[in-house]
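Heads up: the sequence lines are chains B and V, in that order.
Just add 1 to wherever you are in the first sequence, counting from 1, and you've got the numbering used here.
Just add 54 to wherever you are in the second sequence, counting from 1, and you've got the numbering used here.
Among the hints, erroneous ones may be present.
[Claimed, not checked] With a straight-line Cα cutoff of 20 Å, these simulated DMTMM-like cross-link-like pairs (lysine to aspartate or glutamate) come out:
{"id": "1", "chain 1": "V", "residue 1": "Lys110", "chain 2": "B", "residue 2": "Glu103"}
{"id": "2", "chain 1": "B", "residue 1": "Lys39", "chain 2": "V", "residue 2": "Glu96"}
{"id": "3", "chain 1": "B", "residue 1": "Lys23", "chain 2": "B", "residue 2": "Glu4"}
{"id": "4", "chain 1": "V", "residue 1": "Lys162", "chain 2": "B", "residue 2": "Glu45"}
{"id": "5", "chain 1": "B", "residue 1": "Lys23", "chain 2": "V", "residue 2": "Glu96"}
{"id": "6", "chain 1": "B", "residue 1": "Lys39", "chain 2": "V", "residue 2": "Glu62"}
{"id": "7", "chain 1": "B", "residue 1": "Lys37", "chain 2": "V", "residue 2": "Asp148"}
{"id": "8", "chain 1": "V", "residue 1": "Lys114", "chain 2": "B", "residue 2": "Glu45"}
{"id": "9", "chain 1": "V", "residue 1": "Lys114", "chain 2": "V", "residue 2": "Glu62"}
{"id": "10", "chain 1": "B", "residue 1": "Lys19", "chain 2": "B", "residue 2": "Glu68"}
{"id": "11", "chain 1": "V", "residue 1": "Lys114", "chain 2": "V", "residue 2": "Glu69"}
{"id": "12", "chain 1": "V", "residue 1": "Lys166", "chain 2": "V", "residue 2": "Glu70"}
{"id": "13", "chain 1": "V", "residue 1": "Lys106", "chain 2": "B", "residue 2": "Glu103"}
{"id": "14", "chain 1": "B", "residue 1": "Lys42", "chain 2": "V", "residue 2": "Glu62"}
{"id": "15", "chain 1": "V", "residue 1": "Lys166", "chain 2": "V", "residue 2": "Glu62"}
{"id": "16", "chain 1": "B", "residue 1": "Lys41", "chain 2": "V", "residue 2": "Glu96"}
{"id": "17", "chain 1": "B", "residue 1": "Lys41", "chain 2": "V", "residue 2": "Asp138"}
{"id": "18", "chain 1": "B", "residue 1": "Lys42", "chain 2": "B", "residue 2": "Asp86"}
{"id": "19", "chain 1": "B", "residue 1": "Lys10", "chain 2": "V", "residue 2": "Glu96"}
{"id": "20", "chain 1": "V", "residue 1": "Lys106", "chain 2": "V", "residue 2": "Glu123"}
{"id": "21", "chain 1": "V", "residue 1": "Lys131", "chain 2": "V", "residue 2": "Glu62"}
{"id": "22", "chain 1": "B", "residue 1": "Lys54", "chain 2": "V", "residue 2": "Asp148"}
{"id": "23", "chain 1": "V", "residue 1": "Lys114", "chain 2": "V", "residue 2": "Glu130"}
{"id": "24", "chain 1": "V", "residue 1": "Lys106", "chain 2": "B", "residue 2": "Glu68"}
{"id": "25", "chain 1": "B", "residue 1": "Lys42", "chain 2": "V", "residue 2": "Glu96"}
{"id": "26", "chain 1": "V", "residue 1": "Lys162", "chain 2": "V", "residue 2": "Glu123"}
{"id": "27", "chain 1": "B", "residue 1": "Lys37", "chain 2": "V", "residue 2": "Glu96"}
{"id": "28", "chain 1": "B", "residue 1": "Lys42", "chain 2": "V", "residue 2": "Asp138"}
{"id": "29", "chain 1": "B", "residue 1": "Lys41", "chain 2": "V", "residue 2": "Glu62"}
{"id": "30", "chain 1": "B", "residue 1": "Lys19", "chain 2": "B", "residue 2": "Asp97"}
[Claimed, not checked] Not everything, but these chain V residues come out facing chain B in the computed CB check (under 8 Å):
{"id": "31", "residue": "Leu98"}
{"id": "32", "residue": "Thr105"}
{"id": "33", "residue": "Phe152"}
[To be verified] Label-pair distances were calculated between CB atoms; the ranges are:
{"id": "34", "chain 1": "B", "residue 1": "Gly15", "chain 2": "V", "residue 2": "Lys166", "range": "25 to 31 Å"}
{"id": "35", "chain 1": "V", "residue 1": "Gln135", "chain 2": "B", "residue 2": "Lys39", "range": "25 to 31 Å"}
{"id": "36", "chain 1": "V", "residue 1": "Glu117", "chain 2": "B", "residue 2": "Arg64", "range": "24 to 30 Å"}
{"id": "37", "chain 1": "B", "residue 1": "Glu85", "chain 2": "V", "residue 2": "Gly95", "range": "19 to 25 Å"}
{"id": "38", "chain 1": "V", "residue 1": "Pro64", "chain 2": "B", "residue 2": "Lys54", "range": "22 to 28 Å"}
{"id": "39", "chain 1": "B", "residue 1": "Pro84", "chain 2": "V", "residue 2": "Asn151", "range": "27 to 33 Å"}
{"id": "40", "chain 1": "B", "residue 1": "Thr17", "chain 2": "V", "residue 2": "Glu123", "range": "53 to 59 Å"}
No wet-lab data here; the hints were simulated from the structure.
Cβ coordinates follow ideal geometry from the N, Cα and C atoms, glycine included.
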Amino acid sequence: DTEVTQTPKHLVMGMTNKKSLKCEQHMGHRAMYWYKQKAKKPPELMFVYSYEKLSINESVPSRFSPECPNSSLLNLHLHALQPEDSALYLCASSQDPFSGGERETQYFGPGTRLLVL
Amino acid sequence: GNSVTQMEGPVTLSEEAFLTINCTYTATGYPSLFWYVQYPGEGLQLLLKATKADDKGSNKGFEATYRKETTSFHLEKGSVQVSDSAVYFCALSDRGNFNKFYFGSGTKLNVKP
Numbered sequence: 002d003t004e005v006t007q008t009p010k011h012l013v014m015g016m017t018n019k020k021s022l023k024c025e026q027h028m029g030h031r032a033m034y035w036y037k038q039k040a041k042k043p044p045e046l047m048f049v050y051s052y053e054k055l056s057i058n059e060s061v062p063s064r065f066s067p068e069c070p071n072s073s074l075l076n077l078h079l080h081a082l083q084p085e086d087s088a089l090y091l092c093a094s095s096q097d098p099f100s101g102g103e104r105e106t107q108y109f110g111p112g113t114r115l116l117v118l
Numbered sequence: 055g056n057s058v059t060q061m062e063g064p065v066t067l068s069e070e071a072f073l074t075i076n077c078t079y080t081a082t083g084y085p086s087l088f089w090y091v092q093y094p095g096e097g098l099q100l101l102l103k104a105t106k107a108d109d110k111g112s113n114k115g116f117e118a119t120y121r122k123e124t125t126s127f128h129l130e131k132g133s134v135q136v137s138d139s140a141v142y143f144c145a146l147s148d149r150g151n152f153n154k155f156y157f158g159s160g161t162k163l164n165v166k167p
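Isolated chain V (complex conformation) (with noise of 0.2 Å):
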């Protein structure tokens, strides 16, 4: 089946410090893999996104790479800032099922000036 999971958080680090948020998947095919983030009171953004194998997405700052041989996908960017506090969430869509997502738990940021 298809799952993802998320290292737990709070994850709380100062200001221009390096961020790594760890994110795993198991799925039947090849799906495509995709970090959102969440702000207090919103909805869901997308922040990045990669459809195979190799890929890399970036989008502020933030990169992932999508590996297939360790079936990850973990966010990072190179200096947080206290506007990149927010909840983020990994997901994998499911092609052959109208790209139904499967999220992670979510992983909640905290930057400290």
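Just chain B, with the same shape it has in the complex (with noise of 0.2 Å):
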């Protein structure tokens, strides 16, 4: 199975809300990724964690808050976020952050669709 799950499917904030989105995967890999992906663009990589260690920050607005709190689970905690992030937010992982071959594939989730307002 090579299942990478996120909620929500939708949300709608205002630009004072907080929330926060959220994605699992059970195949026991040990790299996460949150990528940000614009109509009609590739994804953009915006975070990865190794380990669940914080290992590249994209140069992400601090209104973006990543957070891994075990191996299974990564978070992307939300505030004050513009309209211009509106956006599809899409999690992937892969098997080992630092080995090849089938262990560098990356599996992605279906993605978190915001509309910030």
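Using the supplied hints, reconstruct the complex from the two chains, each of which is provided in its own coordinate frame.
Right, dumping it as structure tokens:
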């Protein structure tokens, strides 16, 4: 099974709200990724967690705050977002962040479609 | 540095036509290469991959060969179906940097009955 789940599927929030996106995988993967995807564009990497430690932050504004409470779960906390943050947020996982071959394949969740009003 | 270049879309084909979507890359090492497909409103699904030069990835009638000499990984299918209509992304993995992916811009495929 190569399933990554994400909740909620859709989210509408105001610019003063605080909300969280959740991502879960039970494949024993030790790398997890957050991406932002705007319409008709490829996914843009935001964060990488390797063995539950934040390893890459692609200069993401502080209004996005990632958290990895355990090896199966990844959260993205949202606060004071702007309308331009409206996008599809994708989570992915891979088996091992330091190995090649099958272990580097990323498996994506279905995404959370976020609308900021 | 690492980058991926895909042919511009959209690509419009009739059912049963032959498909080629070009993908070329630049990389500092020897990356793995991937094709992902995204249907409307969904996440990315792995279509196929190749981890070293001359490897051929294949799945659901799609094929791509890792060509080191031309730094290419072109996606092909002999006979497309309406259900293949989607956006296709070529990507490479940077093994030295937590397997960070570099994506091409994506190519939208429309298949007409």
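To see whether the hints hold, each was checked on the structure:
A distance of roughly 14 Å separates the Cα atoms of lysine 110(V) and glutamate 103(B); the hinted pair therefore holds under the 20 Å criterion. Between lysine 39(B) and glutamate 96(V) the CA atoms are separated by roughly 13 Å; this keeps the pair inside 20 Å, and the hint holds. Pair hint lysine 23(B) plus glutamate 4(B) holds up; C-alpha atoms about 14 Å apart against a cutoff of 20 Å. Distance hint between lysine 162(V) and glutamate 45(B) is fulfilled; the C-alpha atoms sit about 18 Å from each other, no more than 20 Å.
A threshold of 20 Å between alpha carbons decides the hint, and for lysine 23(B) with glutamate 96(V) the separation of about 16 Å falls inside it, so the pair holds. Distance check on the hinted pair: lysine 39(B) and glutamate 62(V) sit about 17 Å apart at the alpha-carbon level, within 20 Å; holds. Between lysine 37(B) and aspartate 148(V) the CA atoms are separated by roughly 19 Å; this keeps the pair inside 20 Å, and the hint holds. Between lysine 114(V) and glutamate 45(B) the alpha-carbon distance is near 27 Å, which puts this suggested pair outside the 20 Å criterion.
For the proposed pair lysine 114(V) and glutamate 62(V), the alpha carbon gap of about 23 Å is over 20 Å, so the pair is violated. Proposed proximity of lysine 19(B) and glutamate 68(B) is supported: the alpha carbons are some 15 Å apart, at most 20 Å. Distance hint between lysine 114(V) and glutamate 69(V) is fulfilled; the C-alpha atoms sit about 16 Å from each other, no more than 20 Å. Taken as a hint, the lysine 166(V) and glutamate 70(V) pair is honoured in the structure, with Cα atoms around 10 Å apart against an allowance of 20 Å.
At most 20 Å may separate the alpha-carbon atoms for a hinted pair to count; lysine 106(V) and glutamate 103(B) meet this at roughly 12 Å. Note on lysine 42(B) and glutamate 62(V): the hinted pairing holds, with a Cα-Cα distance of about 12 Å set against a maximum of 20 Å. Distance hint between lysine 166(V) and glutamate 62(V) is fulfilled; the C-alpha atoms sit about 19 Å from each other, no more than 20 Å. Restraint check for lysine 41(B) and glutamate 96(V): the C-alpha separation of about 13 Å stays at or below 20 Å, so the hint holds.
Proposed proximity of lysine 41(B) and aspartate 138(V) is supported: the alpha carbons are some 17 Å apart, at most 20 Å. With a C-alpha separation of about 14 Å, the suggested pair lysine 42(B) and aspartate 86(B) falls inside the 20 Å cut-off, and the hint holds. Restraint check for lysine 10(B) and glutamate 96(V): the C-alpha separation of about 10 Å stays at or below 20 Å, so the hint holds. With a C-alpha separation of about 12 Å, the suggested pairing of lysine 106(V) with glutamate 123(V) holds against the 20 Å cut-off.
Only pairs whose Cα atoms come within 20 Å are accepted, and lysine 131(V) paired with glutamate 62(V) is accepted, the gap being roughly 18 Å. Restraint check for lysine 54(B) and aspartate 148(V): satisfied, since their Cα atoms lie roughly 19 Å apart, inside the 20 Å limit. Under the criterion of a C-alpha separation no larger than 20 Å, the hint pairing lysine 114(V) with glutamate 130(V) is consistent with the structure, at around 11 Å. For the proposed pair lysine 106(V) and glutamate 68(B), the alpha carbon gap of about 34 Å is over 20 Å, so the pair is violated.
For a cut-off of 20 Å, the pair hint linking lysine 42(B) to glutamate 96(V) stands: about 14 Å separates their Cα positions. Restraint check: the Cα-Cα separation between lysine 162(V) and glutamate 123(V) comes to about 27 Å, which exceeds 20 Å; the hinted pair is violated. Taking the CA atoms of lysine 37(B) and glutamate 96(V), the gap is near 13 Å; set against the 20 Å cutoff, the hint holds. At roughly 19 Å between alpha-carbon atoms, lysine 42(B) and aspartate 138(V) fall within 20 Å of each other, so this suggested pair holds.
Annotation: proposed proximity of lysine 41(B) to glutamate 62(V) holds, straight-line Cα distance about 12 Å (limit 20 Å). Under the criterion of a C-alpha separation no larger than 20 Å, the hint pairing lysine 19(B) with aspartate 97(B) is inconsistent with the structure, at around 32 Å. The beta carbon of leucine 98(V) is positioned within 8 Å of a beta carbon in chain B (closest approach about 4 Å), and the interface hint is therefore held. For threonine 105(V), the interface hint holds, the least distance from its beta-carbon to any beta-carbon of chain B being 5 Å, beneath 8 Å.
Taking 8 Å as the C-beta cut-off, the interface hint given for phenylalanine 152(V) holds, the closest approach to chain B being about 4 Å. In this structure the hint that glycine 15(B) and lysine 166(V) lie 25 to 31 Å apart at CB is violated, the actual value being about 42 Å. Evaluation of the 25 to 31 Å hint for glutamine 135(V) and lysine 39(B) yields a pass: the beta carbon distance comes to about 28 Å. Evaluation of the 24 to 30 Å hint for glutamate 117(V) and arginine 64(B) yields a failure: the beta carbon distance comes to about 43 Å.
Against the hinted window of 19 to 25 Å, the Cβ-Cβ separation of glutamate 85(B) and glycine 95(V) comes to about 21 Å, which satisfies the hint. Proline 64(V) and lysine 54(B) have their C-beta atoms about 41 Å apart, which leaves the hinted 22 to 28 Å range violated. The hint said 27 to 33 Å for the Cβ distance between proline 84(B) and asparagine 151(V), and at roughly 32 Å that hint holds. Checked against the given bound of 53 to 59 Å, the beta carbons of threonine 17(B) and glutamate 123(V), roughly 56 Å apart, stay inside it.
In this structure, the hints that do not hold are numbers 8, 9, 24, 26, 30, 34, 36, 38, in rising order.
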